[in-house]
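Novice: For reference, the chains in residue letters:
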Amino acid sequence: MQSILPHLINGLTLGLLFALIALGFTLIVGVMEVINLAHGSLFALGAYFALTTISGGPLAATEFGQWWLTFPLGTRYVVAAIVGPLLAGLVGAFLEICLRPTYGKASLYGLLLTFGAALVLEESIRLVWGAGEQNLRTPGPITGAVLIGGMIFSTYKVYAAAFAIFAILCVWLFLEKTPYGAIIKAGAHDSEMVRALGYDLGRLRLFVFGFGAALAGLAGVVMAPIWGLRPHIGLDVVIPAFLIIVIGGVGSFWGAVIASLLVGLSVGLTGAFVPAWSMVSMYILLILIVGFRARGLLGRKSALEN
Amino acid sequence: MNLSDIPPKGGSPFTLPMAAFLMLLLLAPFLVARFGLYHYLAIEIAIWIIFAMGFNLLFGYTGLHSFGHGAYLGIGAYAFGLFQHNVSTSLWGGLGAALLAAMVAGGFVALFLSHRRGIYFALLSIAFGQIFWFSSIKLHRVTGGEDGLLGIPRPPLQIGNVAVTLADNRIFYWFVAALAALVVIGLWRVVNSPFGRVLQAIRQNEMRARFVGYDVWRWKWLAFTISATFAGLAGALLAMAQNSAYPDVMSLHQSGLVVMMVLVGGGLVNFWGPILGVLLYFLAREVLGSLTETWLLWYGLMFVVMVMVRPEGLAGLIGTAARREAPAPPARIVETTP
Numbered sequence: 034m035q036s037i038l039p040h041l042i043n044g045l046t047l048g049l050l051f052a053l054i055a056l057g058f059t060l061i062v063g064v065m066e067v068i069n070l071a072h073g074s075l076f077a078l079g080a081y082f083a084l085t086t087i088s089g090g091p092l093a094a095t096e097f098g099q100w101w102l103t104f105p106l107g108t109r110y111v112v113a114a115i116v117g118p119l120l121a122g123l124v125g126a127f128l129e130i131c132l133r134p135t136y137g138k139a140s141l142y143g144l145l146l147t148f149g150a151a152l153v154l155e156e157s158i159r160l161v162w163g164a165g166e167q168n169l170r171t172p173g174p175i176t177g178a179v180l181i182g183g184m185i186f187s188t189y190k191v192y193a194a195a196f197a198i199f200a201i202l203c204v205w206l207f208l209e210k211t212p213y214g215a216i217i218k219a220g221a222h223d224s225e226m227v228r229a230l231g232y233d234l235g236r237l238r239l240f241v242f243g244f245g246a247a248l249a250g251l252a253g254v255v256m257a258p259i260w261g262l263r264p265h266i267g268l269d270v271v272i273p274a275f276l277i278i279v280i281g282g283v284g285s286f287w288g289a290v291i292a293s294l295l296v297g298l299s300v301g302l303t304g305a306f307v308p309a310w311s312m313v314s315m316y317i318l319l320i321l322i323v324g325f326r327a328r329g330l331l332g333r334k335s336a337l338e339n
Numbered sequence: 192m193n194l195s196d197i198p199p200k201g202g203s204p205f206t207l208p209m210a211a212f213l214m215l216l217l218l219a220p221f222l223v224a225r226f227g228l229y230h231y232l233a234i235e236i237a238i239w240i241i242f243a244m245g246f247n248l249l250f251g252y253t254g255l256h257s258f259g260h261g262a263y264l265g266i267g268a269y270a271f272g273l274f275q276h277n278v279s280t281s282l283w284g285g286l287g288a289a290l291l292a293a294m295v296a297g298g299f300v301a302l303f304l305s306h307r308r309g310i311y312f313a314l315l316s317i318a319f320g321q322i323f324w325f326s327s328i329k330l331h332r333v334t335g336g337e338d339g340l341l342g343i344p345r346p347p348l349q350i351g352n353v354a355v356t357l358a359d360n361r362i363f364y365w366f367v368a369a370l371a372a373l374v375v376i377g378l379w380r381v382v383n384s385p386f387g388r389v390l391q392a393i394r395q396n397e398m399r400a401r402f403v404g405y406d407v408w409r410w411k412w413l414a415f416t417i418s419a420t421f422a423g424l425a426g427a428l429l430a431m432a433q434n435s436a437y438p439d440v441m442s443l444h445q446s447g448l449v450v451m452m453v454l455v456g457g458g459l460v461n462f463w464g465p466i467l468g469v470l471l472y473f474l475a476r477e478v479l480g481s482l483t484e485t486w487l488l489w490y491g492l493m494f495v496v497m498v499m500v501r502p503e504g505l506a507g508l509i510g511t512a513a514r515r516e517a518p519a520p521p522a523r524i525v526e527t528t529p
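Protein sequences appear in the order of chains F and D.
The first sequence begins at 34 in our numbering and counts up one residue at a time.
The second sequence begins at 192 in our numbering and counts up one residue at a time.
It should be emphasised that the hints constitute simulated quantities derived from the structure, not laboratory data.
Take the hints with a grain of salt, since some may be wrong.
To be verified - If you want the footprint, here are the derived chain F segments under chain D, 3+ residues with CB under 8 angstroms:
(1) 129-139
(2) 149-156
(3) 307-320
As the list claims (entries may be wrong) - The calculated label-pair distances, taken between Cβ atoms and stated as ranges, are:
(4) D:R401 - F:A215: 32 to 40 angstroms
(5) D:D406 - F:A178: 40 to 48 angstroms
(6) F:G90 - D:H230: 40 to 48 angstroms
(7) D:T483 - F:L123: 23 to 31 angstroms
(8) F:A164 - D:R409: 41 to 49 angstroms
(9) D:L217 - F:P134: 45 to 53 angstroms
(10) F:A215 - D:P204: 35 to 43 angstroms
(11) D:I376 - F:Y232: 32 to 40 angstroms
(12) D:S279 - F:I181: 58 to 66 angstroms
Source: prediction; values computed, not measured.
The C-beta atom is built at its ideal place from N, Cα and C for all residues, glycine as well.
Extracted from the complex, chain D is given alone in its bound form (with noise of 0.2 angstroms):
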């Protein structure tokens, strides 16, 4: 068996899982609230959606499966950082720095692996994974070494003349929950379109992709480039949520923990199966992790038994219920337009 496949999809972004997630972010703080959980689950919820979808690009749509991509969300929240401290106090200026130094990083890593498929591909990428973690530790002089990046400030948000702080978690909130919506309607956009159905190609044959006559090491490399950018956007906003910069983020742990999550969730056969899978870690480490101190035994439990029986995740779990109660459409070959 192959995984699943996307079924091709383009037309307007708005459908009712755009809304419904859209109503989602609106509403994440008063169910937060109602719920008696913290403000600051629903900033983090927001901006691990932003590195789960981000990393669904590259894992679910071209099939490339990175395993130390946890890499680029450290460097770009190190980078907010260090713009902060040495450059200025800008949010703009920070988020541009983030977003460029966890391009910059993609970009030459990826320079590495776009040859690589399957297995090799994973290893090497957790080999750069692991140096950049490791030299993120050892340059003690630049990231503060294992205690990390302390006293990030959080600069006010800038437009025009009009300054807003974002030093209440609430304000914040909304700032991260306006970013989360553009870059889920920005790789909504992205999947959809050639270019994505491209790196579909690349996906379920690589060989074929390439004699269709498509540059499949220069896509994979443009891929694997965006997917760490949307990393290191993610990274700046969780520095900013941090008021520091981790290297904790960078270990294989955590690179594995958003495979898990994406895998969970099913973003291997849905655009949304990401976001699934974010929420539904959220809640496990809430809910389970009220109840006893060892919940990660009980996720890592979930998921394995989710591996042998449900490899397409929870969205594969919700659209096989859906089919199972609609009659099946009739079997047609779907038409590509070249």
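Isolated chain F (complex conformation) (with noise of 0.2 angstroms):
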């Protein structure tokens, strides 16, 4: 037992930075019933946006860079994590209002389009950022090890996974408790009844999806410093993101959740007996569970069946 409890640990953790990953996903999907290849490329945009905000970027050698500079990087960390995912914010309203011209239509090309956008993103960080792999640097009392009940662990490793407990909880409180949750679901739920009742669906989707892909990007930081950033990190990401919501059921927040936990602990266990194998295991998974509910664990009837 001794030897699987850190293995499980892991594998939790790892689930629950997958659904910090997937929310933003899953809140797109819901809202849109549309499914955003492009999430994973806002992923990595977030994160190069975040990357570019600690080093100063272009402006780095100005006299306003130089004032930024002086900042200790725990400040400029904190300032980025926070423009970084604005950045990506903005993106993805825009791809949101590309997206346009494909409601109403087969969801296959809303599907196309993001992939194209993908595409687009990806080869555009390649652009600006280069090919390498490079290093978000985190501040000192975030790096490091900490040990835990005769554990090791990666400091960062936890304060990331707490953090992605508290962005569920913020997430699940928006969509639960406030009048705007309130209109977006009702928005996924039925979208021409929320017009007849007089709200802006067009801002609504701008909103939701604008939203969605902030938190991509914001996973994208909190997730840079475990993962590295690579410009093709984006179709890892959306890899995962989207099996989750196949597993979870297509729109049902809790289902992404408990999906991201399965896949989290399905990838640390096997990880820890056949480790080349580790990534296989969540594809059977959702091969296993979509083979015996066709909607996932907790999915409800949607559009994207047709």
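From the two separate chains plus the hints, produce the assembled complex.
Specialist: Following this line, the structure appears as structure tokens:
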């Protein structure tokens, strides 16, 4: 038992981080019934924007840049963790405007458009930030290792997991306890009725997409120190998010969270025994679950099935 | 709006576009040389035409949006290579092994997929594609891992007692082109046969097709398996062309690429769409690629704009232009024989 416990904890941590990635994805799928394949690219974009914010980027040589760089890394990191997701959210909002001609058509078109957008974003990242692997530096207090119950954990991972729980709760509170959340959920349930009640559906979609993209960017900032940053990380990220949504059931918030933990556990546990095959385990999990429950664990009927 | 309908047309496959296509296959080596491009490009285009046309049987005609089709291309390539390495150096044997392997893999996957529709179909096809891709990377001893399976020979073409060496790319092209012509003519027959009509009926309305009495799941299974087999053929030819097989072709990226080609060309509305898409992709790669390193960025942008304004693709664009020239035919109800 002692030998399996660390892997269990590792898997749960990974699951929480997956949940953070899937959060924006499930929001967009739930409200707009668009599978946003560019989610991973927005994730990468958020992290890259944060990277540039920390280093000062093209402004580093100017007076402003010099002044900016005098701040300690911790301050710059916090600012970057806000600026990165915001910019990713803006890009997401722009993407939503591009998506408008595909509304009301087969769900394939939204999928294809976001696939193209993912390609464009990835190539743009390669153009701007280069093809090499980069590192997002984390400030001193949250790096290093920590000893909990006789086991060594990376401090950063502990913080990241805690932050993931915090973010999941915040999004849940936002969706369940605020009037805005009620409108978003109503929009997912019956968009025509929401429009008839006088809500601007266009603005709602723009906001939801931007918000989902910002969550993707935030996940990028959180994950970048763990996974590293390379232009094609988007594809590596969007696939788990994708699987989680399908396992959990399209449009279900807690379904996505449960599915994330399951996927994290399966990757963590197979990683302990057959490390080379750990990533395949999540596909097998998907096939097992969707083979028996076509709509996923907590899924409801969706227009995407047609 | 639904995906536009492909009008059912029967009769002889030897139509004007078919003649144009065969002409293009004949002239391709000379055209390639004329524009100062390398000969290998013509081979690559012919192979991708086989892949894309077979894929469109599933994607455009049956309306099943597979995003993991590169896997069967890869399986064909590996099967061909493994046959050469482990059984015997034989062209027909290798091709047979590739077709069989892709057919078996496709048929197995289709068992899981044929009950699904829409986005769930797409997602499961991605999942299976990724499993094959991962396996090809991880099964080091069989596939050579990320380095790929190297040193696959190009066995001579043996017909009766006559053996033609295919080592020269110029001769190899004629072999690939002949197969491409056969595949396209064959597929033309398939989509215009009663079988093809059923597939289109499933795309238009699966439930109605079921109520008419077709065992929809079995037809979908068949369409997937056939499509995977064509991909296997393309894979075997790719293994011969490259003298090697890489896991790269099985990745989601490559599987997405063929979707893009088919869509940009207009495979959803026209039989010839995939060919236009393949041509456009490779021309873009050569022309834009010679101008800028980030040609994929421009190709991706073009694709995004295309989905936004002209989702019926290049063939749809040409079709619209042709219709504008000619006076619109009087509307009539298309009668279909049961």
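Novice: If a hint holds in the structure, say so; if it doesn't, say that too.
Specialist: Taking the hints in turn, this is what the structure says about them:
{"no.": "1", "hint": "129-139", "verdict": "holds (count 6)"}
{"no.": "2", "hint": "149-156", "verdict": "holds (count 5)"}
{"no.": "3", "hint": "307-320", "verdict": "holds (count 8)"}
{"no.": "4", "hint": "D:R401 - F:A215: 32 to 40 angstroms", "verdict": "39 angstroms, holds"}
{"no.": "5", "hint": "D:D406 - F:A178: 40 to 48 angstroms", "verdict": "60 angstroms, violated"}
{"no.": "6", "hint": "F:G90 - D:H230: 40 to 48 angstroms", "verdict": "45 angstroms, holds"}
{"no.": "7", "hint": "D:T483 - F:L123: 23 to 31 angstroms", "verdict": "26 angstroms, holds"}
{"no.": "8", "hint": "F:A164 - D:R409: 41 to 49 angstroms", "verdict": "47 angstroms, holds"}
{"no.": "9", "hint": "D:L217 - F:P134: 45 to 53 angstroms", "verdict": "40 angstroms, violated"}
{"no.": "10", "hint": "F:A215 - D:P204: 35 to 43 angstroms", "verdict": "59 angstroms, violated"}
{"no.": "11", "hint": "D:I376 - F:Y232: 32 to 40 angstroms", "verdict": "55 angstroms, violated"}
{"no.": "12", "hint": "D:S279 - F:I181: 58 to 66 angstroms", "verdict": "60 angstroms, holds"}
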